[in-house]
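Number of protein chains: 4
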Amino acid sequence: MNCQAACFKANRDLVTNGLAQFTWGNASIVDRAENIVLIKPSGVAYERLTETELVAVRLGDGSLVNTDGLRPSSDTPTHLVLYRSWPQIGGIVHTHSEYATAYSQVEMDLIAEGTTHADYFRGDIPCTRQLTLDEVNGAYEENTGHCIVEEFTRRDINPLEIPACLIRQHGPFSWGKTVEDAVHHATVLERLARMALHSRCLSQQFHRIPNFLLDRHYLRKNGPAASYGQGSALKKN
Amino acid sequence: MNCQAACFKANRDLVTNGLAQFTWGNASIVDRAENIVLIKPSGVAYERLTETELVAVRLGDGSLVNTDGLRPSSDTPTHLVLYRSWPQIGGIVHTHSEYATAYSQVEMDLIAEGTTHADYFRGDIPCTRQLTLDEVNGAYEENTGHCIVEEFTRRDINPLEIPACLIRQHGPFSWGKTVEDAVHHATVLERLARMALHSRCLSQQFHRIPNFLLDRHYLRKNGPAASYGQGSALKKN
Amino acid sequence: MNCQAACFKANRDLVTNGLAQFTWGNASIVDRAENIVLIKPSGVAYERLTETELVAVRLGDGSLVNTDGLRPSSDTPTHLVLYRSWPQIGGIVHTHSEYATAYSQVEMDLIAEGTTHADYFRGDIPCTRQLTLDEVNGAYEENTGHCIVEEFTRRDINPLEIPACLIRQHGPFSWGKTVEDAVHHATVLERLARMALHSRCLSQQFHRIPNFLLDRHYLRKNGPAASYGQGSALKKN
Amino acid sequence: MNCQAACFKANRDLVTNGLAQFTWGNASIVDRAENIVLIKPSGVAYERLTETELVAVRLGDGSLVNTDGLRPSSDTPTHLVLYRSWPQIGGIVHTHSEYATAYSQVEMDLIAEGTTHADYFRGDIPCTRQLTLDEVNGAYEENTGHCIVEEFTRRDINPLEIPACLIRQHGPFSWGKTVEDAVHHATVLERLARMALHSRCLSQQFHRIPNFLLDRHYLRKNGPAASYGQGSALKKN
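Residue numbers (the numbering used here), protein chains in the order written: chain A, 1 to 237; chain C, 1 to 237; chain D, 1 to 237; chain W, 1 to 237.
For the record, the hints were derived by calculation from the structure and aren't laboratory data. Every residue, glycine too, gets a C-beta built ideally from N, C-alpha and C. Treat the hints with care, as some may be off.
[As the list claims (entries may be wrong)] Here's a subset of chain W near chain A, in silico, CB distances under 10 Å, partners left out:
1) SER74
2) HIS96
3) GLU98
4) TYR99
5) THR101
6) GLU107
7) GLY123
8) ARG129
9) LEU131
10) LEU133
11) TYR140
12) GLN230
[Claimed, not checked] Below 25 Å or equal to it, Euclidean Cα-Cα: the simulated SDA-like pairs (lysine to any residue) are:
13) D:LYS9 with D:THR23
14) A:LYS9 with A:PHE22
15) A:LYS177 with A:TYR228
16) A:LYS221 with W:THR132
17) C:LYS9 with D:GLN230
18) A:LYS221 with W:PRO159
Whole structure, please, built from the sequences with the hints as guidance.
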């Protein structure tokens, strides 16, 4: 699948997976060879979106490749900062998915409380700090990107090991090696947020799993020594 | 789309969007040139409603335009008060949508806790005061309208900047320049109420966003300086 | 629609309305002229139920009209007690619907906290007392019926004004003049239970509406002076 | 239905019943005559799973019957321990179903709070103890099985009377005489977990039902003296 088809499918999958409605959220893909980012146009409802309406911008300066096309998503500067900071990622998704956003709104990390979490995220999913007045009144969307990177740097997190972040008072961003992974991580994140919220209804105390269980599950499913799944040699279909 | 078609579509969209069932709720539209309001008939189930059954009443005194038609919604006097008080609105929606109604029942404003809220509502969505014995036993539905207007006046709120209200112990009303906007605001309100309720399950403390973030998002998407969306010049489809 | 068709439709509507699954719950209808009650057979899954499988029992002693047919629902004795005690009711529904059952499980009345409740139920929906060891080990299902009637008598409730009850640690029963009404009341009850539970997530304090508002809504929609709906004279379709 | 068809249907029913998505969870069946266990392959998404991809392993040592087929589920050693320890069971299901997993995450038994629970499970559904560092770093999946059996032995529970267990910080396992029963128990467990969680939103105090009511319901529906359902003699279809 080429970049345009993959990016279009990712945007549509946000709706199919119940993560987006109306014009909320966006998915983007980066072409590292061409230094081009493809992203959803701003304010276009998903059900009307067509593949050719995706907007191409230059990774370096965010300028439009085609100056008489649609405007890119207003969140484009956030995507660009992440692509520039983390060369290992290939796709980014932003949503206002219901449960993950609830965490953003109360400014809480999503604590790793079970093996479902550990199968995908090697630790708590961080919530960013509050942006300052100057950051909001200035290059707001770009500063959101810097704030995410700052959080990951400060906590020394590998963004491929914890491929999502909760933006304080806003909502989640997720990413991956591919945009398909980014969508999957957004979907799993929402599910984890639901389960953790249910856990809170049962007990206000957090129950973080021990590191040895976190790593056992994460490494069983991810990385070179993964035993989960069929591996390349054994795969039959 | 003419008034009748728009009003019929709005009533049906309440069901499609999961905001209404049975005979609960109603949508209306005002024709400012003719001083006529079209509204759902009383007690008719949505699935049986036909476009010609919508009831026309005079904006001035609420009298029936067609005296041998159906009765208008029992909430008609509330709609009329809002249309008379706020000439800038063109459509109104009332529902008993599940989450917004929960706020009405516990007599709480819906606090602006995130940017999803700020994208549509420039501040907290107010819950009205309790109606008095005399107001309930008198012209109850009309008094409900006065109570909404009183709340907006007292708090000095522009009804187009916060196009919804929670009626204490009852449920939400929303409105907009068009009835289509009114339905959209009712839908977003329900979604916001869900997310805020989830936030409450995580933390009983409210997390109101700072005004500078509220305004940044509200003004990015609304008003003359909005940068969100395609604008009229750039719109391609 | 005859009794059999109405009773079959009621049982199927429990599934359609999301109130029942598997073999849980049952709907019955009484033929007052013949002193016969028709009820769902025991342990038959809804999706396999056929109209002719409904079981007829005598109102007086619960004996089978057709001795080589299926066994009636194990809850039949509860239905019979209610039909005998309350001649004004014509249909009964029992479910384990998710939210109403949660109230039964924590032994709480469903407090009238809003006008949605008041439109259908003229006051709190009672939860019964705990059955004793002897009542459970004896004629358990019949004693459940007596316990419901005892609760309504003790609180001096007209069963047509509050047409539902929460059985402690079990689930809801509802009823009405017709079995169609009984299903509608079961559906509204579940919706009210959802909204009240959401209200509890926002505030642990109950917010019972004042009697004047309760009566205003109840009497607007029910009884001889009802102004809601089209009335018989005005009804066009 | 043969073993392969039954096991395939069970795996698909997990998705149909809303208990599984992506590659999460698995169902297995044991052939006691042949000492063979059939189980879902590891990491294969349900929507792509075909009947012939199910993996056969030997009950005794877990070795592959067909060495050039797919790898079995990574949870296979857990299934094998349960089959070996409890000869009376014929099928096992593991899921990360949303509400039951929330209980696992906060390390709580699922208390029997109502008759819906008592109709299927003769007492609280236990949550296992935390696995130790050595157990996790060693034969983790096999140790999970031992931990379940240890819990049932310690509490002196008959696994057919309480056919499910919550694995601490992980999720539920359920089982039954047949794999069809195991799926049904997983489905009912999830429903019970939802209702119990709703009960917690209403009251943080548990409301365990008395033993005489628990047994009345359990024995009405299960065991030789069951009066619920049609029995073999009376069954018409």
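Here's how the hints hold up against the structure:
1. SER74: holds (5 Å)
2. HIS96: Nearest chain A Cβ about 5 Å off; hint holds.
3. GLU98: Given a least distance of 6 Å, the restraint on W:GLU98 holds.
4. TYR99: For W:TYR99, the interface hint holds, since the closest Cβ of chain A sits about 6 Å away, which is under 10 Å.
5. THR101: Cβ of W:THR101 sits 5 Å from chain A, so the hint holds.
6. GLU107: Since chain A brings a Cβ to about 6 Å from W:GLU107, closer than 10 Å, the hint holds.
7. GLY123: violated (19 Å)
8. ARG129: violated (13 Å)
9. LEU131: holds (7 Å)
10. LEU133: Hint on W:LEU133: holds, closest Cβ of chain A at ~5 Å, below 10 Å.
11. TYR140: Holds - the Cβ of W:TYR140 comes within 10 Å of chain A, reaching about 6 Å at its closest.
12. GLN230: violated (37 Å)
13. D:LYS9 with D:THR23: holds (16 Å)
14. A:LYS9 with A:PHE22: Holds: A:LYS9 and A:PHE22 sit about 16 Å apart, inside 25 Å.
15. A:LYS177 with A:TYR228: Holds: A:LYS177 and A:TYR228 sit about 19 Å apart, inside 25 Å.
16. A:LYS221 with W:THR132: holds (20 Å)
17. C:LYS9 with D:GLN230: Within the cut-off at roughly 22 Å; holds.
18. A:LYS221 with W:PRO159: violated (31 Å)
Hints 7, 8, 12, 18 from the list above are not met by this structure, while the remaining hints are.
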